[in-house]
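Trainee: Once you've looked at the hints, dock chain R with the ligands against the given chain W.
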Amino acid sequence: MSRPGTLTVYRGELRKLRAQKRTYLGLGAAVLVPIVFAVAVAIQPGEPADVPFGRYINDTGLAFPLVTLLFGSIWFYPLIAALVSGDIVANEDNNGTLKTILTRSVERSQIFFGKVIAAFSYSILAIILSGVVATIAGIIVSGFNPIPTLSGTLETPERGLLLVAGSLAVYLMPILAISSFALLLSTVFRNSAAAVVGTLMFSLLLQLVVIIPGLDGLQPYLLSTQFNSWQGLLRTPADWDPIIRAAWVCAAYAIPSLAIALTVFLRRDVAGG
Amino acid sequence: MSERAPVALRGLTKQYGRITAVDDVSLTVNEGDVFGYLGPNGAGKTTSLRMMLGLITPTAGEARVFGHDPQKSVDALADVAGFVEAPRFYPYLDGMTNLRLVASLDGNDAKSRIAEALDVVELTDRADDKVGGYSHGMRQRLGIAAALIRRPKLLLLDEPATGLDPGGMRDMRALIARLSAEGMTVMLSSHLLAEVEELCNRVAIVRSGRIVYEGELDELRAAAGLTIRLRTSDDEVALRVLADRRGISDVVRHGPAPIQFRAADEAAIGELSRALADSGALILELAPSAATLEDLFFELTEGEGDAQAEEKRLDELSDLTGGSQ
Ligand SMILES: Nc1ncnc2c1ncn2[C@@H]1O[C@H](COP(=O)(O)OP(=O)(O)O)[C@@H](O)[C@H]1O
Ligand SMILES: [Mg+2]
Numbered sequence: 001m002s003r004p005g006t007l008t009v010y011r012g013e014l015r016k017l018r019a020q021k022r023t024y025l026g027l028g029a030a031v032l033v034p035i036v037f038a039v040a041v042a043i044q045p046g047e048p049a050d051v052p053f054g055r056y057i058n059d060t061g062l063a064f065p066l067v068t069l070l071f072g073s074i075w076f077y078p079l080i081a082a083l084v085s086g087d088i089v090a091n092e093d094n095n096g097t098l099k100t101i102l103t104r105s106v107e108r109s110q111i112f113f114g115k116v117i118a119a120f121s122y123s124i125l126a127i128i129l130s131g132v133v134a135t136i137a138g139i140i141v142s143g144f145n146p147i148p149t150l151s152g153t154l155e156t157p158e159r160g161l162l163l164v165a166g167s168l169a170v171y172l173m174p175i176l177a178i179s180s181f182a183l184l185l186s187t188v189f190r191n192s193a194a195a196v197v198g199t200l201m202f203s204l205l206l207q208l209v210v211i212i213p214g215l216d217g218l219q220p221y222l223l224s225t226q227f228n229s230w231q232g233l234l235r236t237p238a239d240w241d242p243i244i245r246a247a248w249v250c251a252a253y254a255i256p257s258l259a260i261a262l263t264v265f266l267r268r269d270v271a272g273g
Numbered sequence: 001m002s003e004r005a006p007v008a009l010r011g012l013t014k015q016y017g018r019i020t021a022v023d024d025v026s027l028t029v030n031e032g033d034v035f036g037y038l039g040p041n042g043a044g045k046t047t048s049l050r051m052m053l054g055l056i057t058p059t060a061g062e063a064r065v066f067g068h069d070p071q072k073s074v075d076a077l078a079d080v081a082g083f084v085e086a087p088r089f090y091p092y093l094d095g096m097t098n099l100r101l102v103a104s105l106d107g108n109d110a111k112s113r114i115a116e117a118l119d120v121v122e123l124t125d126r127a128d129d130k131v132g133g134y135s136h137g138m139r140q141r142l143g144i145a146a147a148l149i150r151r152p153k154l155l156l157l158d159e160p161a162t163g164l165d166p167g168g169m170r171d172m173r174a175l176i177a178r179l180s181a182e183g184m185t186v187m188l189s190s191h192l193l194a195e196v197e198e199l200c201n202r203v204a205i206v207r208s209g210r211i212v213y214e215g216e217l218d219e220l221r222a223a224a225g226l227t228i229r230l231r232t233s234d235d236e237v238a239l240r241v242l243a244d245r246r247g248i249s250d251v252v253r254h255g256p257a258p259i260q261f262r263a264a265d266e267a268a269i270g271e272l273s274r275a276l277a278d279s280g281a282l283i284l285e286l287a288p289s290a291a292t293l294e295d296l297f298f299e300l301t302e303g304e305g306d307a308q309a310e311e312k313r314l315d316e317l318s319d320l321t322g323g324s325q
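Protein chains in written order, with my numbering: chain W, 1 to 273; chain R, 1 to 325.
In isolation and in its complexed conformation, chain R is listed as follows:
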């Protein structure tokens, strides 16, 4: 089944001189997924998408769409549409002519879908204006229209909401949700967790070209939710109690801020509260941290880059999420 998966990346690597833009990335996007490819700027998202579209050649590994190799022939892209970075069109032609041009390169009955696609992205009124005069948001929408006329089964979108105003972002989200509900598989990249959180069922988080997490968003959420905040009358003593305690890990304390740690389960927290009381460090606050997915995301993508700590952290994370890796 995964042979024919909409997207299957295996050991995908792209090197630019000394920079490894994409580093041994393996992931699968299944039919019906809205898959978020999440990472900060420069993480290698665009580069990965370019390889999926056959625009650049991998240094190593492979990218397959529906089991086909886009490096070999555009036939692989028969059911695929999308864009990387901002969609680009001929500025000296109007929107309609641009769409006719790309539709002619699609063949089939792509041309007959232009009017509908323009309607979906609400550009019908501006279709006769030169694209050179379009705003960024309008070009982004024209890019979506150009993708839709292919009637793809897989839509690849590179930071689709970037540069849109709040209204435009909302419309973009609504459109992606609708297309997904209609059965389209979507893979979208983003550097904004919120965008992915709202739309996607699965995510891969990338950092410096490497995947640091891949799995269900719900699992990641659950993992993030297990962080506990602790304030006591004597934090020094509390830290000693926390150290090497079964079911307790990742104890951190930044200056006067509350101590944070991870608990394996609620029993461990119960045990801890008794131990703290016995030690004389009285509990002032013991609660699930407001530490959100956002913190976890930053932690995953902005750490000091210590590879070993990273691995350890990942192992724990995959333990917490049931080893979905």
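Chain W extracted, bound-state conformation:
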């Protein structure tokens, strides 16, 4: 057998996630919410006309995942990402198991990166599952029909499906940035609840910053804004500017968060447990 490393840690982390309730709580909510939304629309065909694509939900199922993304970015998806990412390091502190895994044959950095990849995997899975379920539920309720873009043109259902997939992919950027921030709090606070709540507060506060007079200029650089960047795909022609900006703004949140978390994790005394 070969030398254990980050990948070994990653597999172990997945094994642990599979055995924990919070994993299923997060994934379950990610699946359930779009279903409830679709059922509500089916029963009472009103339309949330004040959000982009809201008024198309009775015309095409492809509008469902997009509306879900829009509503979910306020707190729902950040919460789902934080649920596991905020716990993945703190959980070890809580169980006193850091000493158990740090006295084997993997370096602290490998433990850390294994956890990062595992937390990212979970967040990605949650978003994709949620998007797929929203799309299927939407198609069942409103049909597989052409979808109007934000520029007013009409896309075929097939191309619309591709755009939905692309939107989910773009949406992963801010989600992973949120995951990274949750990992930072998880490492620093060593307490799962504090990390999850802290991440959620952070996410909500960013949305409030723009209310403060004079700070609205910050809007393009706030993490919360990047949750809408996928809308660039739904223009004709596609507008890549917000997506490119999202890529580096999200990196500017994620990379320092992970770097600080790693530094703290490498240097800290493991004296609990």
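Simulated from the structure, these hints should not be mistaken for lab results.
Note that the coordinates shown come from a computational prediction; the quantities given were computed from them, not determined experimentally.
The reader is advised that the hints may include incorrect statements.
[What the hints assert, rightly or not] Quick list of the computed label-pair ranges, beta carbon to beta carbon:
no., chain 1, residue 1, chain 2, residue 2, range
1, R, A60, W, I255, 33 to 41 Å
2, R, T59, W, L208, 58 to 66 Å
3, R, G183, W, S121, 37 to 45 Å
4, R, R151, W, A194, 33 to 41 Å
5, R, K153, W, A193, 39 to 47 Å
6, W, A193, R, D250, 51 to 59 Å
Don't be surprised by glycine CBs; every beta carbon is placed ideally from N, CA and C.
Mentor: Only chain R with the ligands this time, still in chain W's reference frame:
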């Protein structure tokens, strides 16, 4: 040789704010030793072991295992296994899965030793139960199993018998004795002298983070055995005779209890008996004290904390034990 010793601590110090948990500790554990790290609660045993395992960073000094620095890389722990305080596992996973998880982090063929390790600690029947439902003793045994699958040359155990019932303690002792007989070097901490006495060939006694004795257990035993009890018809007179007598030291008398003192050798005792008879204090009892290692241990670890008296006591002790320090 001591460069590659299983454990070499040099001036090891760990400070937590104003508390010096480990204070300038130097010691060497040699291959084949069962080394007892003995001291009351709060003496700094766990903190020292944490530094040997690379879990915490020393404030000063260094801890080396087989010549390597565990602060730098886990590679230093290649031949080391053990745990500090109670071993901890994931409560939501069963015993077997927990062991598989740590074995995967060991690499090599650690996984192939899981079944055997479970057998050794007699947990095979419970391997499929969640660790959350294990008793303290079972977790302690699972901790040993997790250490054994690394097939270490050095086993570090922090108070391994704590919280076990008498049967569990006996099993733990038997296991440690067996592993030692198979060639494993063991360092175990304890606050119980009896535990160390039974298992260890060498000890370090720590108090408030400082080593107050390090050496062979036999030497310590010999030192403890030289205490003499004396009862006479007139203890006041006897005390005067004892004072400043060559070969006699550490005269103590607690109320009506017999006088106790240390004698350098038997000749000194012979001389003393004649002097006592001459002085008119008739000997009612003159015998090696029942003062055991236990008393010495308490004396070493629970004194008033008078540093000077402590040093003096230590010097004498190392004289008595042939200066093994
Ligand atoms: N993480 C810590 N933070 C602050 N003080 C600590 C910490 N760990 C240990 N101490 C203090 O260091 C001293 C030694 O503790 P410890 O090594 O656990 O002793 P032992 O294992 O011999 O009972 C104690 O006074 C304890 O309170
Ligand atoms: Mg302790």
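Trainee: Now, for every hint given, state plainly whether the structure supports it.
Mentor: Against the structure, the hints:
| no. | hint | result |
| --- | --- | --- |
| 1 | A60/R - I255/W: 33 to 41 Å | holds (35 Å) |
| 2 | T59/R - L208/W: 58 to 66 Å | violated (43 Å) |
| 3 | G183/R - S121/W: 37 to 45 Å | holds (43 Å) |
| 4 | R151/R - A194/W: 33 to 41 Å | holds (40 Å) |
| 5 | K153/R - A193/W: 39 to 47 Å | holds (42 Å) |
| 6 | A193/W - D250/R: 51 to 59 Å | holds (58 Å) |
Hint violations for this structure: number 2 only, all remaining hints satisfied.
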